[in-house]
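Asker: First to last, the sequence lines map onto chains A and B.
When we follow the working numbering, the leftmost residue of the first sequence carries the number 1, and every step to the right adds one.
When we follow the working numbering, the leftmost residue of the second sequence carries the number 1, and every step to the right adds one.
Bear in mind the hints are in silico, worked out from the structure with no lab data behind them.
Hints may be right or wrong, so weigh each one.
[Claimed, not checked] Below, a sample of chain B positions facing chain A; criterion: calculated Cβ distance under 10 Å:
| no. | residue |
| --- | --- |
| 1 | S56 |
| 2 | P60 |
| 3 | W157 |
[Said to hold, decoys possible] Where chain A lies over chain B, by a calculated footprint (3+ residues, C-beta under 8 Å):
| no. | region |
| --- | --- |
| 4 | 7-17 |
| 5 | 41-49 |
| 6 | 66-72 |
| 7 | 92-98 |
| 8 | 108-115 |
| 9 | 143-153 |
| 10 | 158-164 |
Think of the CB as a built atom: it goes at the ideal place given N, C-alpha and C, for glycine as much as any other residue.
In case you want the letters, here they are:
Number of protein chains: 2
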Amino acid sequence: MTGAANSPHSQQNAEFMAHAIALASQNILSALGGPFGAVVAKDGRVIGEGTNLVTSTNDPTAHAEVTAIRAACAALQTFQLDGCDIYTTCEPCPMCFGAIYWARIRHVYYACVAADAAAAGFSDQHIYREIARRVDERDVQFTQLMRDEALACFQEWNQMANRIVY
Amino acid sequence: MTGAANSPHSQQNAEFMAHAIALASQNILSALGGPFGAVVAKDGRVIGEGTNLVTSTNDPTAHAEVTAIRAACAALQTFQLDGCDIYTTCEPCPMCFGAIYWARIRHVYYACVAADAAAAGFSDQHIYREIARRVDERDVQFTQLMRDEALACFQEWNQMANRIVY
Chain A
1 MTGAANSPHS
11 QQNAEFMAHA
21 IALASQNILS
31 ALGGPFGAVV
41 AKDGRVIGEG
51 TNLVTSTNDP
61 TAHAEVTAIR
71 AACAALQTFQ
81 LDGCDIYTTC
91 EPCPMCFGAI
101 YWARIRHVYY
111 ACVAADAAAA
121 GFSDQHIYRE
131 IARRVDERDV
141 QFTQLMRDEA
151 LACFQEWNQM
161 ANRIVY
Chain B
1 MTGAANSPHS
11 QQNAEFMAHA
21 IALASQNILS
31 ALGGPFGAVV
41 AKDGRVIGEG
51 TNLVTSTNDP
61 TAHAEVTAIR
71 AACAALQTFQ
81 LDGCDIYTTC
91 EPCPMCFGAI
101 YWARIRHVYY
111 ACVAADAAAA
121 GFSDQHIYRE
131 IARRVDERDV
141 QFTQLMRDEA
151 LACFQEWNQM
161 ANRIVY
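One chain only, chain A, in its complex shape (with noise of 0.2 Å):
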């Protein structure tokens, strides 16, 4: 890619954001989940597209960046999205941020920022706040047990010769 096709607010990125967007009113249209769209290109090209699906499929992973990736991860028929760039009409919850990073996405577009989400009732802070805080402080309880037990599944998968590491 040249770098003017590279500049923020080339035609092709506002191409690929214009649409997440249409794919995220159609969603609402279509009452198949929240007003979230997300489309995963490379080389200037679509690989996959999503939205946010957790109503119509009972999935709550099923957020529009999640979707995508995993669309575009089976268009390619790979694990990690090397060379690929996210489009997604509003900055990524915790749990997309993280299938973000798994992936391996080069580059985050976003158009809207949490807050605006969060004036139409999708608000991701309590989960913002809640990863940032000690295990014994969080409102969810967390407990550990059998810690020893399940160090001997470590045990096994540096044993095995044919493991796929990532």
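With chain A's structure known, arrange chain B on it following the hints.
Answerer: Then chain B, alone, in the frame of chain A:
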């Protein structure tokens, strides 16, 4: 449940965690993915189970907790797991942490800590560090564009009479 059953070291909690560990162990031997397992339980019964299926399903979001939550939601035909607990062989990464909160899980039981996973090659410390950083200080570039256009989606959402708020 009685107070004894609710104790972190109750027989029931040990059974659910042992089940999660067995799932992780089977997952390694079957070469389906990383050495992680999780179980979602409610009222003394396993509702959903999951393992890390990232490499075998080409889905970077298919961590054990996410897989177990999706299975539990499919089983209960709901997108909110009220009254459900999760038993995971390792502390959740930021993605799974977010999924646990969106799913409204009541209590998180974990065995290994993040440092144990890191020693086996599965470190999420980079993601925890990045999520706490300002947008303009992250290793992955975050660029905002077209907020005004995307804000229209939230307006459309608020005008929908049949929207499912969650």
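Asker: Are three or more residues of the region 7-17 of chain B within 8 Å, CB to CB, of chain A?
Answerer: holds (count 5)
Asker: Counting residues of the region 108-115 of chain B with a beta carbon closer than 8 Å to any beta carbon of chain A, are there 3 or more?
Answerer: holds (count 6)
Asker: Are 3 or more residues of the region 158-164 of chain B near chain A, judged by a Cβ distance of less than 8 Å?
Answerer: It holds: at least three residues are needed, and the region 158-164 of chain B offers 5 whose Cβ sits within less than 8 Å of chain A.
Asker: Does the region 143-153 of chain B contain three or more residues whose Cβ lies closer than 8 Å to a Cβ of chain A?
Answerer: holds (count 10)
Asker: Mind taking a look at whether chain A covers the region 92-98 of chain B? Criterion is 3 or more residues with CB to CB distance under 8 Å.
Answerer: holds (count 6)
Asker: Any CB of chain A closer than 10 Å to the CB of P60/B?
Answerer: Where the cut-off is 10 Å and the nearest Cβ of chain A is about 4 Å from P60/B, the hint holds.
Asker: Restraint: S56/B near chain A, CB-CB cut 10 Å. Satisfied or not?
Answerer: 9 Å, holds
Asker: Holds or violated: the hint that W157/B contacts chain A, with Cβ atoms closer than 10 Å.
Answerer: 4 Å, holds
Asker: Please verify the coverage claim for the region 66-72 of chain B: does it have three or more residues whose C-beta sits within 8 Å of some C-beta in chain A?
Answerer: Answer holds; 3 residues pass the 8 Å Cβ test.
Asker: For the region 41-49 of chain B, does the count of residues with a C-beta closer than 8 Å to a C-beta of chain A reach 3?
Answerer: It is violated, with 0 qualifying residues against the three required.
Checked against the numbered hints above, the structure violates only hint 5.
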